[in-house]
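Between the sequences and the hints, there should be enough to build the whole structure, so can you do that?
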Amino acid sequence: MPDIWIKQLTKRFGAVTAVDGLTLEIGHGEFVTLLGPSGCGKTTTLRCLAGLEEPDAGEIFFGKRCVFSAQRGVFVPPGGRGIGLVFQNYALWPHMTVFHNVAFGLRKKKLPRAEIRRRVMEILNLLGLQGYENRFPSELSGGQQQRVALARMIVTEPEILLFDEPLSNLDAKLRMTLRAELKRLHAEIGATTVYVTHDQVEALTLSTRIAVMNLGIVQQVGSPAEVYHHPANLFVAEFMGNPSTNLLRTRVLDPGPPTRVALEADPTVTLVLEGGKIEGDAEEVIVNVRPEDVEISASPMEGGIAAGLSAVLPTGSECVTYLRLREGEYEIVSKGPEEMHLYLEPNQRVWIRFKRGNVFDEESGTLLFSFGFKVPGGKG
Amino acid sequence: MRNPVFRSLRRVLRRPEKLWGLALILGLILFVVIPVSYMAVHSFVFDSWGPRYVRGVQPGQWTLFYWDRVLIGKLSRSIFWEPFSHSLAIAISMSAMAIPLGALFAWLVVRTDIPLKGFFNAVLIVPYILPSWTIGLAWLTLFKAERFGGQPGLIHSLFGIDPPTWLSYGLLPIVISLGAHYIPYTFILLRGALASVDARLEESAEILGARRLEILRKITFPLVLPALGSAFVLTFGKGLGEFACQAFLGLPIRYYTMSTRVYSAFEHRQHSQGYVLTLILILMTAFTVLANQKLVGARKKFTTISGKGARRKPVKLGPWRLPATLLLLGFALAFVFAPIGLIAWETFMKYEGQYSLTNLTLHYWVGKGDPMLADGQPGIFRSSFILGAIKNSVLLAGTTALLSGVIGILLGYAVVRTRGSWLSRAIEFLSFTPYMIPGIAFGGIYLSIFARKWGPLPALYGTFALLVLTCVAKYLPYSSGSGISAMHQIDPSLEEAAEIQGEGWLGRFRKVILPLAKGGFLSAFLLTFITTMRVLDLIVLLVTPKTRTMTSIIFRYQQQGYTQHAYGIMLLIVVITLVGHYLVRRLGGRIQF
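Protein chains in written order, with this note's numbering: chain A, 1 to 380; chain B, 381 to 973.
Careful, some of the hints might be misleading.
Once the Cα atoms are required to be at most 27 Å apart in a straight line, the calculated DSSO-like pairs of lysine-lysine come out as [claimed, not checked]:
#, chain 1, residue 1, chain 2, residue 2
1, B, Lys730, B, Lys398
2, A, Lys109, A, Lys173
3, B, Lys898, A, Lys108
4, B, Lys696, B, Lys833
5, B, Lys891, A, Lys109
6, A, Lys108, A, Lys173
7, B, Lys598, B, Lys696
8, B, Lys891, A, Lys110
9, B, Lys748, B, Lys730
10, B, Lys891, A, Lys108
11, B, Lys497, B, Lys693
12, A, Lys64, A, Lys109
Covered stretches of chain A, going by a simulated chain B footprint (3 or more residues, C-beta under 8 Å) [unchecked claim]:
#, segment
13, 70-79
14, 99-111
Keep in mind that the hints were calculated from the coordinates and are not lab data.
Glycine is no exception: its CB is placed at the ideal position from the N, C-alpha and C atoms.
Dropping the structure here:
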């Protein structure tokens, strides 16, 4: 029995369908991230889970309990769902102190005063907020406000935690710290968590599973490694990864195995892709290689493709390199450790090789197979 | 639960903003849309006076008679065309006085090294806080002429000459009093516009070698031009609709304007003729409001490029510093301190017009009544008639402010939470329409409609409720404005965070919305309070001896020649408005336009 079960969930705003027949099962204690660009329906899905929006169709179960069903006319209001929610802007009540913000839900439950005090202080201690209980939200830093929002959410011990882009208003450094803290907190409490973000790094670091969404539809559900290395379709492949991933249009020479394809930009370049075969009669496929899977060598190597170097962008810990196939008509991005790339000079001739990647059907955009190294449990 | 009616009912109760919205729309239709349309329709219908003008017609019969009488007929010249030209002359002249001076004052205070900035910032807006007729009344104490009855003014008693009529009454005094009243209006608008011009825009010109005047002409002026245009259009519109000053300084010599014509039409129960005049007046002011919205739209485009520049160094006035300071001090003296002083002095004069120490008395404040003075009327604090009026005024202002505040918050809530829907737009538009209707016209409409039984409402003429209703309806644009801006400050997630914790709508409203809207509510309350305390045009047609207010008895007393009493009550209103405004400022509120 999954802890959260979303069935055929649909939510429309006027003519716009924000969530379109979404189905998703989330197991007990899981940390699932809804990831996608803005307007993909991830926040709407979360708000439907919270009960802040009433969906137009579908069903939502929390454990065995149905909290929403369009067919049966069930709608449990947010207060009755046993959930906690952290908003993007924290939504701390500015006219209440930290203590009163956190105690709000406990008071609603009519607990004795001493019990409320004890539990609030305990939570504030857990989050390193001791001594701040009499401050107003405006007297706290962004990170502290975020922790108060967390405290307010978990103090009532909800079974399900919901997060709506909680870290997007913080600066990069603080985001790192709080990410670690969230992970620690999740390990400690073990509550089932649904987390909405558009930041793929956040999703990859925090989640047990990621659901990538676009246009109100779940594109792929899987572990972070699966979603990253074996994207189910071109949208997921393009959305994950930074700098943007390499997508090479190719013509099929031999469906394999081993598969042989020729670059459309330069038919003299053929690639041998080992690990699967092209089923059906696809004539054109797209080969997707992540920048970090592009090997560069200053000297010719076996199976290497000749390329020109157009720009080298060191970032400190690593180095991004832009390469040109066939005199600037075809650009490939590569990323690697700084020391490997720094000695390269612009306009130098280099040889590149693809360590691993994915092959997509050009028409449908779905994954055909992955070549090279594979993540355990991955498809392909 | 399966029942769809049930479901939507539950949905509405959980998020009742749509419910409030619909209720408000209903109210707005009842109290704004229907009265205005009723008036428009009935300007084509014979009223009870009809049979006296045209033989054989019945009241209620359709006709073009009134439009013909007002616009074309033999009397149209005195009924409409003369008042119309007077109104235009007043509005144009007072704008011509108020706009340049207000703009100059704003520039001096915001941009130059003029001394006493804090003082000027506070004092230069006082004429606008006071009732528009304060300066007009003070004018009379100076320039009243003996031949118009009553006692002569200060000029006469000092120099023994009777001032000419054009100096005592009519166009010139009205223009100067209203012009001075509206100078702060431009001052406030321009002050804001000048302060928001990005200093870097001017500094860039300076770096490129432009001189001071050139920068002012080529950069600053074009940037604040929309604000200036907006000030002109709004001042012009207000000049058209202004009533009290035009009544005090125009009626004694039968110098009629559109608004005083509307007043006398309704006062003499010539309703249909009043409707025609009112409609024309509304069309004139509505036109100015719409013109302003075009300008404000343009201004918004400009302000998007503004930002915080480096601290600007003030323009050095050099040899002009002293004359400029004297100009501002002179204005403050002539239009703030002198009027209040003259009005106060007047109340201590035993015999009007005799400016000597032996003539001073407290009789008109605390006297028991002397048959030789003011027909034996007791002093202000001993007269049950005046005390009753004070009580009525405070009660009216308090009730109006409270109701406006509550409606404003609900309106703001409904508008902001349903943002983007037709409901939101309809409420915002409808609650703004009373802004386009001058107070005297609004009072006239309500007089003719609510005097009788009206739908579910009983006949309200002569009741206190009618005054409250009129004021609340007329001030809707302000209350909805402050309600909407208060609600914009409250992110919906604050309410949702409480909803997650199981709080129902009432609890959310009480624990989250109200505490957060409190500050805005309080300053809106005070502003509506002082606005209602000093209102005359809106209620002058609606009051009866029982529901008299301070302003309405000033109007009566001034006509009947009980000058000291009238000025004494005026002084009380001045004090109340100034204190109220001071409190608003302390609360961080803004002046209402």
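Here's how the hints hold up against the structure:
no., hint, in the structure
1, B:Lys730 / B:Lys398, "violated (61 Å)"
2, A:Lys109 / A:Lys173, "violated (37 Å)"
3, B:Lys898 / A:Lys108, "holds (23 Å)"
4, B:Lys696 / B:Lys833, "violated (66 Å)"
5, B:Lys891 / A:Lys109, "holds (16 Å)"
6, A:Lys108 / A:Lys173, "violated (36 Å)"
7, B:Lys598 / B:Lys696, "holds (19 Å)"
8, B:Lys891 / A:Lys110, "holds (16 Å)"
9, B:Lys748 / B:Lys730, "holds (14 Å)"
10, B:Lys891 / A:Lys108, "holds (12 Å)"
11, B:Lys497 / B:Lys693, "holds (15 Å)"
12, A:Lys64 / A:Lys109, "holds (23 Å)"
13, 70-79, "holds (count 7)"
14, 99-111, "holds (count 3)"
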